[in-house]
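Number of protein chains: 2
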Amino acid sequence: MHSPDVLLHLYEEKFAKNNFYANPTNLYKPVDHIMQMKGKKIRPLLVLMACDLFGGKAEEALNPAFSVEVFHNFSLVHDDIMDASDIRRGEPTVHKKFGTNAAILAGDAMLAYAYQYLTNVPDELLRPLLTAFNKTAIEIFEGQQMDVDFETRNDVALEEYLKMVEFKTSVLLACCVQLGAIVGKASIEDQLAIYDFGLNLGLSFQIKDDLLDAFGEAEKVGKRIGGDILQNKKTYLFISTTQLCSAAQQAELPRLIAETDEQKKIDGIKVLMEVTGAKAATEQKAEDLYQSALASLQKVNVPAERKAYLAAIAEKIKNRDY
Amino acid sequence: MHSPDVLLHLYEEKFAKNNFYANPTNLYKPVDHIMQMKGKKIRPLLVLMACDLFGGKAEEALNPAFSVEVFHNFSLVHDDIMDASDIRRGEPTVHKKFGTNAAILAGDAMLAYAYQYLTNVPDELLRPLLTAFNKTAIEIFEGQQMDVDFETRNDVALEEYLKMVEFKTSVLLACCVQLGAIVGKASIEDQLAIYDFGLNLGLSFQIKDDLLDAFGEAEKVGKRIGGDILQNKKTYLFISTTQLCSAAQQAELPRLIAETDEQKKIDGIKVLMEVTGAKAATEQKAEDLYQSALASLQKVNVPAERKAYLAAIAEKIKNRDY
Numbered sequence: 001m002h003s004p005d006v007l008l009h010l011y012e013e014k015f016a017k018n019n020f021y022a023n024p025t026n027l028y029k030p031v032d033h034i035m036q037m038k039g040k041k042i043r044p045l046l047v048l049m050a051c052d053l054f055g056g057k058a059e060e061a062l063n064p065a066f067s068v069e070v071f072h073n074f075s076l077v078h079d080d081i082m083d084a085s086d087i088r089r090g091e092p093t094v095h096k097k098f099g100t101n102a103a104i105l106a107g108d109a110m111l112a113y114a115y116q117y118l119t120n121v122p123d124e125l126l127r128p129l130l131t132a133f134n135k136t137a138i139e140i141f142e143g144q145q146m147d148v149d150f151e152t153r154n155d156v157a158l159e160e161y162l163k164m165v166e167f168k169t170s171v172l173l174a175c176c177v178q179l180g181a182i183v184g185k186a187s188i189e190d191q192l193a194i195y196d197f198g199l200n201l202g203l204s205f206q207i208k209d210d211l212l213d214a215f216g217e218a219e220k221v222g223k224r225i226g227g228d229i230l231q232n233k234k235t236y237l238f239i240s241t242t243q244l245c246s247a248a249q250q251a252e253l254p255r256l257i258a259e260t261d262e263q264k265k266i267d268g269i270k271v272l273m274e275v276t277g278a279k280a281a282t283e284q285k286a287e288d289l290y291q292s293a294l295a296s297l298q299k300v301n302v303p304a305e306r307k308a309y310l311a312a313i314a315e316k317i318k319n320r321d322y
Numbered sequence: 001m002h003s004p005d006v007l008l009h010l011y012e013e014k015f016a017k018n019n020f021y022a023n024p025t026n027l028y029k030p031v032d033h034i035m036q037m038k039g040k041k042i043r044p045l046l047v048l049m050a051c052d053l054f055g056g057k058a059e060e061a062l063n064p065a066f067s068v069e070v071f072h073n074f075s076l077v078h079d080d081i082m083d084a085s086d087i088r089r090g091e092p093t094v095h096k097k098f099g100t101n102a103a104i105l106a107g108d109a110m111l112a113y114a115y116q117y118l119t120n121v122p123d124e125l126l127r128p129l130l131t132a133f134n135k136t137a138i139e140i141f142e143g144q145q146m147d148v149d150f151e152t153r154n155d156v157a158l159e160e161y162l163k164m165v166e167f168k169t170s171v172l173l174a175c176c177v178q179l180g181a182i183v184g185k186a187s188i189e190d191q192l193a194i195y196d197f198g199l200n201l202g203l204s205f206q207i208k209d210d211l212l213d214a215f216g217e218a219e220k221v222g223k224r225i226g227g228d229i230l231q232n233k234k235t236y237l238f239i240s241t242t243q244l245c246s247a248a249q250q251a252e253l254p255r256l257i258a259e260t261d262e263q264k265k266i267d268g269i270k271v272l273m274e275v276t277g278a279k280a281a282t283e284q285k286a287e288d289l290y291q292s293a294l295a296s297l298q299k300v301n302v303p304a305e306r307k308a309y310l311a312a313i314a315e316k317i318k319n320r321d322y
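Same order as they appear, the protein sequences are chains A and B. Start counting the first sequence at 1; every next residue gets the next number (the numbering used here). Start counting the second sequence at 1; every next residue gets the next number (the numbering used here).
Just chain A, with the same shape it has in the complex (with noise of 0.2 Å):
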């Protein structure tokens, strides 16, 4: 077994130099800039967390765990063009840095790199790393509309959210631990298993996401808190708090969404988030879907012992105040 620092070490040590130096370097530089970004790497981390756990060799799961993190960052490069975000990670995004058009042919280069660096495994593990990567790809572009999609639409249902949020962000995650589990050579019971306990964190993380954006603290979470309020985001605790709200408060809602005054706006609707209890059921919420991703990981057929360093991490996810 090995702890996460060894198997991050392991990773950065194949992959921190520019592996898109190449010709022609206007396709490869906005690579370059995105992937050279400082990130906390937890995608290609649990794909080489899970390999370990079902004692895979950590090296044969190299080439997955880059392929993740492209895959990841070639979707990051897309959105931010799609969201006119002109920052990431301190950064001008790629196409702030490049242009729309080198962004755009950038991140296509990019996916076709990521099922490049894929299929670089042995032979009995191409297919169904193939498969469990191409039903995530799909699913996070069907997700990513879906979010497109509820910003013009006011009735979006929790489940819709949730089944949005599966997709656009969990699946990857989960993804993240069935290659791993593949390349470990587990039983497909334990890759449902344990592709479960990656979409139950993934789902838990994000909606602790919707929760810090309105309740962190701001030199923490690193923005401005308040984002998703002042932006109208149908999140988790939006939601709840819509459908918790009395008559009255239900007739003051629109008042305080239109409010001009941000600060106003943001203070009116967070104290409507917490005296309508749907802050209290949000946390309640990431906590189960916690309960459920531990309850996923216990289902694993290996010793408890080697289950610990992914039961901490999802610990150190959810305990997170930033």
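Calculated from the structure, these hints are not laboratory results. Small disclaimer: the values here were computed from a predicted structure and weren't measured. Keep in mind that the hints are not guaranteed to be accurate.
Stated by the list, open to error - Partial list, derived from the structure: chain B residues whose beta carbon lies under 7 Å from chain A:
no.: 1; residue: Asn101
no.: 2; residue: Ala137
no.: 3; residue: Met146
no.: 4; residue: Asp149
no.: 5; residue: Glu151
no.: 6; residue: Leu256
For each residue, glycine too, the CB sits at the ideal point set by N, CA and C.
We have chain A already, so just place chain B on it with the hints.
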């Protein structure tokens, strides 16, 4: 052996219906929009014909054939965004009809679907098909970037132009026949020969295209004659012209390029293209490449009569005036 018509019928039978009618509809409507446009289906046909050439079962090549068609259409969707093109095959382009964000996301999904269809083949074909396809996809993105880079350069050499065309256009045709050959269990030697056939055919095709853009008949070509000249595109024809100019013609060229009367510009440069011998040299290059394609086809180790359909397609491409 099966005629192209029979093969195309097989293909249409399987894929004529809406293959992307699914939820969320805002993701798949743009995909259907481009996939339902009337096209010549030359790429899937080449996959099926190459498979048939080696005695393979066309049915086994259907998914790879559809894969390259989906990939080709994905590249059109993203290229149309980058080129800001409003019309394709007489219909609004995807980004014009559905918006840029929808077109980016639909294209991304199509690229993933191209891989999904490609992997829907027997196990022993999986790796060779993926290896060929991946290499090609990445080359195409590199070719697209070269094309963009050339727009702002005035010193593009003929060899650079040919390399760009090879990557941007020809490798996909070459990949098509290679994929078909792989499904048809061709030897590596035969795969290389048929790949070269496709590559030279693609190059010949593009150079013929450059000629038709300047010297074709508007009604047959289906667009305004002289478009490349107006855009100062560095085609084989144009680069040859600049190289073959006398000192006096060399001096005249900048004036013609700067000419604001569009028809005068087109007519003036066309005269130079003829009197310098650049037009004749370009026609000769197209012919040479066609002959190279035939020579590659010749090398394939199957009886000559089996090659008749592919040779006929090559001749048709060479002699077309549209």
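Exercise for the section: Report the numbers of all earlier hints that the structure fails to satisfy, in ascending order. Expected result: The structure breaks hints 5 and 6; every other hint is satisfied.
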